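> Each chain, written out:
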Amino acid sequence: MTNTNDQPPVSIKDLTVAYREKPVLWDVDLTIPAGKLVAIIGPNGAGKSTLIKAVLGIIPSAAGTIEIFGKSYAENRRFVGYVPQRTSADWDFPTNALDVVMMGTYGALGWVRRPGKAQHELAMECLVKVGMEEYAHRQISQLSGGQQQRVFLARALAQKAELYFMDEPFVGVDALTEKAIVTLLQELRNQGRTVICVHHDLDSAPDYFDWVALLNVRLIAAGEFKEAFTLENLKTTYGGVMNASLAHFQKIGLPQ
Amino acid sequence: MIELLRDLIFDYTLRNVALGSALLGIVSGALGTFAVLRRQGLLGDALAHAALPGICLAFMITGEKTPILLMLGAAVTGWLGTLTLMYIIRHTALDEDAALGIVLSVFFGFGIVLLTLLQRSGNANQAGLDKYLFGQAATLVAENVTTMAILGTLALSVVIILYKEFKLITFDPSFAASIGFGASWVSVLLTFLIVIAIVIGLQTVGVVLMAAMLIGPAAAARQWTNRLDHMIMLSAAFGALSGVGGALVSISESGLPTGPMIILVLTLFVILSFTFGSARGLFWEWLHNRNRTLTPPPEVV
Numbered sequence: 478m479t480n481t482n483d484q485p486p487v488s489i490k491d492l493t494v495a496y497r498e499k500p501v502l503w504d505v506d507l508t509i510p511a512g513k514l515v516a517i518i519g520p521n522g523a524g525k526s527t528l529i530k531a532v533l534g535i536i537p538s539a540a541g542t543i544e545i546f547g548k549s550y551a552e553n554r555r556f557v558g559y560v561p562q563r564t565s566a567d568w569d570f571p572t573n574a575l576d577v578v579m580m581g582t583y584g585a586l587g588w589v590r591r592p593g594k595a596q597h598e599l600a601m602e603c604l605v606k607v608g609m610e611e612y613a614h615r616q617i618s619q620l621s622g623g624q625q626q627r628v629f630l631a632r633a634l635a636q637k638a639e640l641y642f643m644d645e646p647f648v649g650v651d652a653l654t655e656k657a658i659v660t661l662l663q664e665l666r667n668q669g670r671t672v673i674c675v676h677h678d679l680d681s682a683p684d685y686f687d688w689v690a691l692l693n694v695r696l697i698a699a700g701e702f703k704e705a706f707t708l709e710n711l712k713t714t715y716g717g718v719m720n721a722s723l724a725h726f727q728k729i730g731l732p733q
Numbered sequence: 345m346i347e348l349l350r351d352l353i354f355d356y357t358l359r360n361v362a363l364g365s366a367l368l369g370i371v372s373g374a375l376g377t378f379a380v381l382r383r384q385g386l387l388g389d390a391l392a393h394a395a396l397p398g399i400c401l402a403f404m405i406t407g408e409k410t411p412i413l414l415m416l417g418a419a420v421t422g423w424l425g426t427l428t429l430m431y432i433i434r435h436t437a438l439d440e441d442a443a444l445g446i447v448l449s450v451f452f453g454f455g456i457v458l459l460t461l462l463q464r465s466g467n468a469n470q471a472g473l474d475k476y477l478f479g480q481a482a483t484l485v486a487e488n489v490t491t492m493a494i495l496g497t498l499a500l501s502v503v504i505i506l507y508k509e510f511k512l513i514t515f516d517p518s519f520a521a522s523i524g525f526g527a528s529w530v531s532v533l534l535t536f537l538i539v540i541a542i543v544i545g546l547q548t549v550g551v552v553l554m555a556a557m558l559i560g561p562a563a564a565a566r567q568w569t570n571r572l573d574h575m576i577m578l579s580a581a582f583g584a585l586s587g588v589g590g591a592l593v594s595i596s597e598s599g600l601p602t603g604p605m606i607i608l609v610l611t612l613f614v615i616l617s618f619t620f621g622s623a624r625g626l627f628w629e630w631l632h633n634r635n636r637t638l639t640p641p642p643e644v645v
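Those protein sequences? They're chains A and B, same order as listed.
Under the numbering used here, the first residue of the first sequence is numbered 478, with each subsequent residue one higher.
Under the numbering used here, the first residue of the second sequence is numbered 345, with each subsequent residue one higher.
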C-alpha cells in the first residue's frame, strides 16, 4: 500500500460539532481499523452525515481532533475518496457521465491543471468497473437514480483512494444496483482499503458490512458486528422511537 | 448594410458603441452562465440595483464622471448589498426572496434619492448620471471601452485559469470541499467576477435591466448544448450579439434608451432558443410527442 503506514485510517478524538447552539455531534471518540467495510448507523438527525463532513473538513468542528492515517486531513487528503449524497449535486448541470467521473482526478491534478488523456482513460476504466461504459457520453440528467449513484461511485474510484467515505450510497437505487455496489465495496475492502458508509437499513447492515459505529449525537458503540450490533445498543441508539425494525430483530433473533 | 459596416469601422462613436456593447455582452454572457447554474440570477438583480447609490456617491465624492471611479463606487455598494443579503439569509428567519426584495428596494431607493439630490444641486457636471438607470450606449467613449476591455479581460482570464475549479464548485460543492477546492475564497472570487460583469454593463444597459444580461444569454445557451464550455461560449456570443444589436438600434433611432433595446434583442434569442434549441427546445419536444408511436413493453414471464 502507498505510504499510509500503520496508523489507523480514521482516528477521531473528542469531536464536537454544532449548528449554532445545537450540538449535532457530542464528544465522539472513534478509531476505525484498516481494511474494514464500516457502517455508520443511527436515526435521522443522529449526525451521521455530519460526522463524515466534519472529518472531510466540509463543515467546521467546535472541538476535537481528527487524524487520517496519523496526520491531519489536509495533509493526507490524497488518500481519501468521497461519495456525497446524490442529491448534493446539480444533476441538471450541463455535462456527461464521463466528465463527472473525471472530476475524481481533480484532487490529484491540483489547482489549475486540466485533465488530459491519462485522466480520460482512467475515468473510462472506472465507468467500466461500475458497468456504465455505455453511458459515458450520456447527459447526466438523463440517467436514472441508480445510474447516477454508479457514476458517483466511479468518480470515487477515479480518486484512487485508500479510504472511502460514502454518504448513503444505497438511497434511491434498485435491488440490482444495490447488489452491484455492495460487490464493488467488498472488492475495495478485499484490496485492503477501508470503506465507511452512512447506512440506513438495519436488516441489510450485518450482511453487507464487517464493522459498525452506532451513532446518535453521541457514539453509542463501535466494533465488529457481533460485539457492537446488540439489541441493547440498538435500543440506546434509537431510544424511544424504536420502530418495527427492532421488533423484527427480536422476532428473528439478532445475527450471530 | 455595407454602409453600416463601414461606419462600424471608421465612425468613432459607432465603433466605441459596438465594441463596448460587444464586450459587456461577452463578459456578462460568460459569467452569467455560472450565475444561472449556481441559481444566483436574482442575486445579480439585487446587486445591479444596489450599484446605483455607489455610482452617485462616487460622483459626489470625486465630482468627476471618470468611468473607473463610478465603476468602483458601483462595485462597492453592489458588494455591500450582496453582503447584506447574505447576512439577512443567514441570521434571520427571512427567506432568500424576501431578503432579495429588501436589499434591492432599499439600495435602489437610496440610489434614486441621491440621484434626485444631485439633479437638484445645479451641478452641471452631473448631467448624464441618470442614464445609468436604463443605460445609454451613445455615452460610451474610448476611455469607457478601454476600462471595460481591461476589466473584462481580467475577469475572463480568471474564468479560463480556474475553469475546472469553478465548474466543480458549481456542480458539486460538497465534493469540491472534500478535495480542497471548496475554500470559501473560490466561491467569493466567482461572485466577485459576477460583480465585475455587472459593473461593466451598467453604463450601457442600466441598473434596472442589467440582471437580464446575466440571465438571458445563459438561459438561451443552455437550450443548445449539454456541455459547460460550449454553454459559456454560446452565452458569450448571444450576449455580444444582443449587446451590439440593441445598441445600434438605440443610437440610430433617436433617443431610445439602450438597455431596453438590448434586452428586446436578447429576448428574441431567448424565445428562439427555448423553441428551437437543439438540446431541449420545446418545438422538438412537441414534434416528437406528436409523432410518437407507443410500442407495447415486452411481457414479463
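Quick caveat, the hints were computed from the structure, so don't treat them as lab data.
The structure displayed is predicted, hence computed values, not measured ones.
Check each hint, because a few of them may be wrong.
Pairs of lysine-lysine residues, derived as BS3-like cross-links and limited to a Cα-Cα distance of at most 27 Å, are as follows [stated by the list, open to error]:
| hint | chain 1 | residue 1 | chain 2 | residue 2 |
| --- | --- | --- | --- | --- |
| 1 | A | 637 | A | 548 |
| 2 | B | 409 | A | 594 |
| 3 | A | 594 | A | 548 |
| 4 | A | 548 | A | 703 |
| 5 | A | 606 | B | 409 |
| 6 | A | 490 | A | 513 |
| 7 | A | 499 | A | 513 |
| 8 | A | 637 | B | 409 |
| 9 | A | 656 | A | 703 |
Label-pair restraints from in silico Cβ distances [unchecked claim]:
| hint | chain 1 | residue 1 | chain 2 | residue 2 | range |
| --- | --- | --- | --- | --- | --- |
| 10 | B | 619 | A | 611 | 28 to 34 Å |
| 11 | B | 430 | A | 491 | 27 to 33 Å |
| 12 | A | 569 | B | 599 | 54 to 60 Å |
| 13 | A | 653 | B | 619 | 35 to 41 Å |
No residue lacks a Cβ here, since even glycine has one placed at the ideal position from N, Cα and C.
> Taking the numbered hints from earlier one at a time, note which ones the structure violates and give those numbers from smallest to largest.
2, 3, 4, 5, 7, 8, 12
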